[in-house]
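Letter by letter, the chains look like this.
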Amino acid sequence: MNTDFQQIISSIKEKYELDLVTLAFIQPAQLEYVLTWQFAVGNINNRLKRIVLQSGKGIAGSVFKSGKPILVKNVTTKYPVKDLFNFPIIVSEKIKSFCALPLYKNNKVQGVILLGFRREDAMTEELYETIKKNMDTDFPHFYEKEMAKN
Amino acid sequence: MTNITHSQLIDYLLGMYEYSSEAIFFFDKNNTLLNLNPVAEEILESEALEAMLQGKEKSICLSCKGYTNTEDLVTCQNCYFLNPQQDFSSFQVYLETKGKGVLPYTASFHTIDKDEGINVFILRNLTKQLETQETLFRNTTIKQIIKAQEDERKRISRELHDGVAQEILSSLVDIRVMKYLKDPEDVAQKVKHIETSLTRLLDEIRSMSVELRPSSLDDLGIEAAFRSHFKWIEKNYGLIVHYNHEIKGKRFNSEIETVVYRICQEAILNALKYADVDEIFVHLYEKENKLILDLKDQGNGFDVINRVSRGTGLGLFGMKERAELVKGTFSINSSVGKGTEVHLEVPL
Chain Y
1 MNTDFQQIIS
11 SIKEKYELDL
21 VTLAFIQPAQ
31 LEYVLTWQFA
41 VGNINNRLKR
51 IVLQSGKGIA
61 GSVFKSGKPI
71 LVKNVTTKYP
81 VKDLFNFPII
91 VSEKIKSFCA
101 LPLYKNNKVQ
111 GVILLGFRRE
121 DAMTEELYET
131 IKKNMDTDFP
141 HFYEKEMAKN
Chain W
151 MTNITHSQLI
161 DYLLGMYEYS
171 SEAIFFFDKN
181 NTLLNLNPVA
191 EEILESEALE
201 AMLQGKEKSI
211 CLSCKGYTNT
221 EDLVTCQNCY
231 FLNPQQDFSS
241 FQVYLETKGK
251 GVLPYTASFH
261 TIDKDEGINV
271 FILRNLTKQL
281 ETQETLFRNT
291 TIKQIIKAQE
301 DERKRISREL
311 HDGVAQEILS
321 SLVDIRVMKY
331 LKDPEDVAQK
341 VKHIETSLTR
351 LLDEIRSMSV
361 ELRPSSLDDL
371 GIEAAFRSHF
381 KWIEKNYGLI
391 VHYNHEIKGK
401 RFNSEIETVV
411 YRICQEAILN
421 ALKYADVDEI
431 FVHLYEKENK
441 LILDLKDQGN
451 GFDVINRVSR
461 GTGLGLFGMK
471 ERAELVKGTF
481 SINSSVGKGT
491 EVHLEVPL
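These protein sequence lines are chains Y and W, in that order. Note that my numbering gives residue 142 to position 142 of the first sequence, counting from 1, and the numbers run on in steps of one. Note that my numbering gives residue 495 to position 345 of the second sequence, counting from 1, and the numbers run on in steps of one.
Certain hints may be false.
Said to hold, decoys possible - Mimicking DSBU-like on lysine-lysine, the simulated pairs with C-alpha atoms at most 30 Å apart in a straight line are:
1) W:Lys332 to Y:Lys105
2) W:Lys423 to Y:Lys57
3) W:Lys385 to W:Lys215
4) W:Lys385 to Y:Lys78
5) Y:Lys68 to W:Lys293
6) W:Lys304 to Y:Lys73
7) Y:Lys108 to W:Lys340
8) W:Lys470 to W:Lys304
9) Y:Lys82 to W:Lys342
10) W:Lys488 to Y:Lys96
11) Y:Lys82 to Y:Lys15
12) Y:Lys132 to Y:Lys108
13) Y:Lys13 to W:Lys488
14) W:Lys332 to Y:Lys108
15) W:Lys423 to Y:Lys82
16) W:Lys385 to Y:Lys68
17) W:Lys446 to Y:Lys82
18) Y:Lys105 to W:Lys342
19) W:Lys332 to W:Lys304
Stated by the list, open to error - Where chain Y lies over chain W, by a calculated footprint (3+ residues, C-beta under 8 Å):
20) 385-399
21) 415-425
Rather than coming from a laboratory, the hints here were simulated on the basis of the structure. Idealized CB from N, CA, C, for every residue including glycine.
Put together the whole structure using the sequences plus the hints.
So this is what it looks like as structure tokens:
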């Protein structure tokens with residue numbers, strides 16, 4: 001597995017003119033699995049790389065656990081300020097609209113990719129659908145449509 | 151300008167003096183009481199009155215217990231009576247009253263005749279107004295506390311439902327499936343899956359329990375509890391806490407340890423929510439028989455006086471309340487763009 005992930009997310013960022021693309025993969029650490037944002041492009045600081053994500057918590061956590069993508073068109077209207085600290089990456093990177101997709105391999109979620117804008121309402125429904133549709137070519141060998149249907 | 155004669159005005163003024171609900175005193179330049187109205191007579195003990203009428207030095211102190219300035223609720227610093235050149239047109243004063251103990255009054259003290267040095271001292275009973283204010287304050291805080299409590303329960307309930315129950319359910323389904331698996335390889339994979347799921351569950355329950363109340367606080371003390379809490383903060387929020395402690399694992403009264411821990415936790419949470427910073431400095435040390443906690447960040451800061459509450463507004467209030475529980479002092483120093491400093495001192 002010699003895929004150059006940094007290269008992949010950089011080209012995704014350029015293709016959709018995004019402000020931030022980050023990529024989290026699970027890494028087996030003994031029995032536990034640890035999910036961290038290992039790759040990022042367009043980030044303001046490195047705070048996100050220090051965060052160890054928990055399954056079910058935060059953006060990556062819920063995508064990872066549910067295996068379903070999420071779309072937030074406007075962070076400001078969706079989350080009240082006092083709850084926002086539960087999504088550290090949104091706060092520290094000043095993200096205003098984003099989507100996050102699961103990355104599958106062997107029918108299991110292996111990682112999460114987050115695509116964000118620092119402008120409100122920039123991640124539109126249409127863009128989100130386009131991104132989802134193109135993801136298996138943008139991100140070769142990893143993105144498969146949801147498996148639950150068969 | 152007026153429709154009444156001078157003598158009528160004097161009549162009205164005398165009537166007001168006689169029947170006003172405000173207590174009025176006249177003092178001459180030697181601070182001897184010249185005259186007082188009937189309400190004033192009702193307020194003061196006859197002993198104090200006698201002394202004031204005779205112009206004994208500091209006779210007012212027999213009744214006056216101090217006034218409120220910008221530094222203290224009750225103080226004798228810069229006494230209004232002895233330094234009337236300052237603006238004392240409206241202030242709060244505490245008086246020992248006849249049969250009712252010490253009561254707060256709204257007072258004004260000013261000179262009405264510069265040449266003769268005549269001063270007038272007017273008092274209005276504040277008890278009723280303060281009671282109303284206090285009840286209002288209590289009712290609003292109680293409402294907020296109940297809401298905060300309910301929110302906390304909601305959070306824990308949701309975490310139990312979405313986290314713990316989910317994970318158990320998924321393991322349960324896996325186990326049911328396993329009963330029908332024939333291929334040992336499939337069984338092995340399922341077992342591995344269940345194992346991971348249960349490990350995650352264990353982790354989740356552990357972190358929930360620590361979040362509620364860290365057992366290390368009881369078992370190992372404040373220093374160790376802080377260390378693991380700061381590690382947790384860094385893992386979860388990416389905020390680096392520079393922790394500097396000089397108490398060498400010393401243990402304190404568990405009430406004090408809890409207060410210091412909770413205040414620090416709340417302060418860091420505030421920094422996380424509002425300061426927009428990457429790092430925060432914590433210093434815990436003992437000095438002159440006091441346990442001292444200093445927190446510093448170089449973030450957004452806020453206007454301490456004209457604070458616009460972005461949360462429930464209970465946080466700062468709660469920190470103060472907690473500090474007072476152990477007779478500690480708590481202060482916040484901050485201004486917009488200059489970062490925030492939190493200082494806590496608890497006497498041991």
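Status of each hint after checking the structure:
1. The straight-line distance between the Cα atoms of lysine 332 of chain W and lysine 105 of chain Y is roughly 25 Å, inside the 30 Å bound, and the hint therefore holds.
2. Straight-line distance between C-alpha atoms of lysine 423 of chain W and lysine 57 of chain Y comes to about 17 Å, which keeps the hinted pair within the 30 Å bound.
3. Using a Cα cut-off of 30 Å, the hinted pair lysine 385 of chain W and lysine 215 of chain W is violated, with the two alpha carbons roughly 54 Å apart.
4. Restraint check for lysine 385 of chain W and lysine 78 of chain Y: satisfied, since their Cα atoms lie roughly 25 Å apart, inside the 30 Å limit.
5. With a CA separation close to 39 Å, the supplied pair lysine 68 of chain Y and lysine 293 of chain W exceeds the 30 Å bound.
6. Restraint check for lysine 304 of chain W and lysine 73 of chain Y: satisfied, since their Cα atoms lie roughly 26 Å apart, inside the 30 Å limit.
7. Of the supplied pair hints, the one linking lysine 108 of chain Y and lysine 340 of chain W holds, its CA atoms being roughly 13 Å apart against a limit of 30 Å.
8. This hinted pair checks out: lysine 470 of chain W and lysine 304 of chain W have alpha carbons roughly 25 Å apart, not beyond 30 Å.
9. With a C-alpha separation of about 39 Å, the suggested pairing of lysine 82 of chain Y with lysine 342 of chain W is violated against the 30 Å cut-off.
10. Between lysine 488 of chain W and lysine 96 of chain Y, the direct Cα distance comes to roughly 26 Å. Compliance with the 30 Å bound is thereby established for this hinted pair.
11. Between lysine 82 of chain Y and lysine 15 of chain Y the alpha-carbon distance is near 34 Å, which puts this suggested pair outside the 30 Å criterion.
12. Among the hinted pairs, lysine 132 of chain Y with lysine 108 of chain Y is consistent with the structure: their alpha-carbon atoms are about 18 Å apart, no more than 30 Å.
13. With a C-alpha separation of about 35 Å, the suggested pairing of lysine 13 of chain Y with lysine 488 of chain W is violated against the 30 Å cut-off.
14. Annotation: proposed proximity of lysine 332 of chain W to lysine 108 of chain Y holds, straight-line Cα distance about 22 Å (limit 30 Å).
15. A distance of roughly 7 Å separates the Cα atoms of lysine 423 of chain W and lysine 82 of chain Y; the hinted pair therefore holds under the 30 Å criterion.
16. For the hint linking lysine 385 of chain W to lysine 68 of chain Y, the alpha-carbon distance of about 24 Å falls within 30 Å, and the restraint holds.
17. Only pairs whose Cα atoms come within 30 Å are accepted, and lysine 446 of chain W paired with lysine 82 of chain Y is accepted, the gap being roughly 21 Å.
18. Using a Cα cut-off of 30 Å, the hinted pair lysine 105 of chain Y and lysine 342 of chain W holds, with the two alpha carbons roughly 17 Å apart.
19. With a C-alpha separation of about 43 Å, the suggested pairing of lysine 332 of chain W with lysine 304 of chain W is violated against the 30 Å cut-off.
20. Counting residues of the region 385-399 of chain W whose C-beta sits closer than 8 Å to any C-beta of chain Y gives 6, which meets the bar of three, so the coverage hint holds.
21. Only residues whose beta carbon comes within less than 8 Å of a beta carbon in chain Y count, and the region 415-425 of chain W has 3; three or more means the coverage holds.
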